[in-house]
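**Student:** If you want the building blocks of each chain, they are given just below.
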Amino acid sequence: MIQDETQGEVSVVTARPPRRPEVAPPLPRRAVPRWLRSRTAIAVAMCLPLLLLIGGLIAYPFFYSIYLSMLNKRETAFVGLANFRFLLRRDTFWLVVHNSFLFTLTAVFFKASLGFILALIIHTLPERGQRLWRGIALIPWVMPLALSTLGWWWIFEPTHSALNWILVQLGISPKPWLSEPGWARFATILVNIWYGTPFFLIMYLAGLKSISQELYESSAIDGANAWQRLRYITLPMLKNLIAITMLFSTIVTFANFDIVRVLTRGGPRYSTHLFGTYAFNVGIESGDVPLGAAVALFMFPILAISAFLILRGIQRSQA
Amino acid sequence: MPKEIYGWDDASNNRWLISGKGSAIINPPSAWAVAKRDRPEVAAQCWHHDVPRGPQGRFRGSLPFTWGVWKFSKNKEAAKALLLHLSQKEQQWKLIEASQGYDTPQLPAFYDHPIWAEIEPPKGGQYNYMVRGDEKLVVCGWPAKPDIAANIYKRYLLPVMVGKVTSGGEPPKEAVRWAVNELEGYMRG
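Going down the list, the protein sequences come from chains A and B.
Just remember that my numbering sits 59 ahead of the position in the first sequence, which is counted from 1.
Just remember that my numbering sits 33 ahead of the position in the second sequence, which is counted from 1.
Treat the hints with caution; some may be incorrect.
[Said to hold, decoys possible] With a cut-off of at most 16 Å between alpha-carbon atoms, the simulated EDC-like pairs for lysine to aspartate or glutamate come out as follows:
(1) A/Lys-268 to A/Glu-344
(2) A/Lys-132 to B/Glu-217
(3) A/Lys-132 to A/Glu-344
(4) B/Lys-54 to A/Glu-216
(5) B/Lys-54 to B/Asp-83
(6) B/Lys-69 to B/Asp-180
(7) B/Lys-69 to B/Glu-153
(8) B/Lys-187 to B/Asp-42
(9) B/Lys-187 to A/Glu-344
(10) A/Lys-234 to A/Glu-216
(11) B/Lys-122 to B/Glu-153
(12) B/Lys-122 to B/Asp-136
(13) B/Lys-36 to A/Glu-216
(14) B/Lys-178 to B/Glu-217
(15) A/Lys-132 to B/Glu-151
Just so you know, these hints were derived from the structure itself, not from any lab.
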């Protein structure tokens with residue numbers, strides 16, 4: 060018997076020597092260039108395609124949009140921050156800021172709440188039932204958003220709304236889903252909640268499964284009720300996960316485009332325009348690319364600050 | 034005017050007319066063409082007439098499409114010859130027939146095509162689609178310069194301004210102040 064140093068356990072050495080694993084003969088050293096022999100060089104080489112993609116599709120357009128936002132309307136002269144100052148004096152821009160915050164805060168709150176509640180419910184189901192419900196719940200998230208929003212548009216259609224038809228059958232007056240600012244905002248937020256809730260559901264479900272059952276068992280022995288288990292075990296254990304999912308969802312929701320574009324095109328009376336749709340309307344549809352770039356770039360400091368605060372909170376809680 | 038128009042898209046007035054809910058729209062005969070295909074009994078009751086006269090006259094909205102050759106084109110002469118050929122009466126009439134009279138020529142000299150008098154149902158219903166009386170064709174945003182007019186059109190300045198009063202309950206002066214603020218944005222250099 061010998062002592063296995065790596066495992067710290069005792070094992071028996073049998074009479075037959077262990078089979079050597081069949082490995083390919085090493086390449087002659089001349090075939091591998093010297094610069095590729097270091098692990099760092101291989102790591103860089105393997106990451107290069109990703110770095111090129113990020114550089115070409117994210118970094119370059121980002122810096123180019125900063126450059127564009129500092130040009131005049133005809134893109135012939137450098138105007139510094141004049142476009143940003145100009146936007147701050149426009150009523151419509153402040154309406155877009157208001158819409159974007161209302162849309163994002165409301166949608167993320169309800170997506171996170173509903174996702175959490177649904178995750179708790181599905182987590183209590185037997186494993187077989189969970190698979191079915193997990194699959195069903197994911198459908199809104201895996202469907203192409205522009206396509207599913209088109210379906211919602213038919214449901215809310217101003218003149219022949221299917222939902223209004225049902226309401227009338229039930230004796231309820233029809234609602235102006237897309238033609239009155241309050242209802243139009245409600246409709247766009249509702250579709251975003253419908254689409255985004257499965258993301259939270261899956262993340263929270265994964266988080267719930269990672270919590271040790273022993274914690275719940277020992278708290279049950281101490282007499283903790285369901286609310287106390289949720290308050291003092293589940294929520295603290297999922298705290299970082301909740302923060303990260305909220306951050307991701309805030310970024311995606313704030314930059315939303317598809318839902319508003321398909322459902323309302325920013326109307327009625329600009330009441331549902333978000334940064335993304337308004338930037339498209341100003342920059343592409345109306346031909347003022349520098350001002351459109353400036354509208355889009357207003358999102359950056361807002362999202363950067365919220366990301367910084369959330370990530371700092373996570374770092375502190377881990378420390 | 035129904036309240037739902039504030040949520041309409043380009044085709045909503047067609048659907049409104051064809052559904053039997055609506056009786057009058059200000060539109061080219063696309064609604065009639067769709068009705069002819071899907072609800073012939075509705076198409077048979079459609080009739081095109083001039084827009085009502087206002088204090089300054091009759092103004093009909095127009096959406097002209099133009100042809101051109103790029104400055105950087107490699108074969109400008111051939112391109113110009115093609116456009117000249119397509120602009121001749123013979124070719125223009127073929128285009129008019131292909132669109133059942135929906136696409137109209139810009140030149141009144143081509144208005145004598147018989148399609149607007151003969152196409153049915155009902156016979157003669159589309160005759161007045163061509164400007165034959167005292168209507169004036171105007172482009173949205175006119176008489177502003179083209180780049181500003183394009184902004185007025187694409188950013189829905191006029192419908193939003195009117196909607197602020199008729200649907201939003203804002204005083205007309207407030208709606209005009211908003212439109213002036215928007216226009217300043219369109220006119221920046």
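**Student:** It remains to establish, for every hint, whether it holds in the given structure.
**Tutor:** To see whether the hints hold, each was checked on the structure:
1. A/Lys-268 to A/Glu-344: Violated, because 48 Å separates the two Cα atoms, which is more than 16 Å.
2. A/Lys-132 to B/Glu-217: holds, 13 Å
3. A/Lys-132 to A/Glu-344: holds, 14 Å
4. B/Lys-54 to A/Glu-216: Between B/Lys-54 and A/Glu-216 the Cα gap is close to 15 Å, so the pair holds against 16 Å.
5. B/Lys-54 to B/Asp-83: With Cα atoms ~22 Å apart, B/Lys-54 and B/Asp-83 exceed 16 Å; violated.
6. B/Lys-69 to B/Asp-180: violated, 37 Å
7. B/Lys-69 to B/Glu-153: Roughly 9 Å between the alpha carbons, so the hint for B/Lys-69 and B/Glu-153 holds.
8. B/Lys-187 to B/Asp-42: Cα-Cα ~13 Å, so holds.
9. B/Lys-187 to A/Glu-344: holds, 6 Å
10. A/Lys-234 to A/Glu-216: Judged against 16 Å, a Cα distance of about 11 Å means the pair holds.
11. B/Lys-122 to B/Glu-153: violated, 23 Å
12. B/Lys-122 to B/Asp-136: holds, 14 Å
13. B/Lys-36 to A/Glu-216: holds, 13 Å
14. B/Lys-178 to B/Glu-217: Distance of about 14 Å is within 16 Å: holds.
15. A/Lys-132 to B/Glu-151: Violated. A/Lys-132 to B/Glu-151 sits at ~49 Å, over the 16 Å cutoff.
Hint compliance for this structure: hints 1, 5, 6, 11, 15 are broken, all remaining hints hold.
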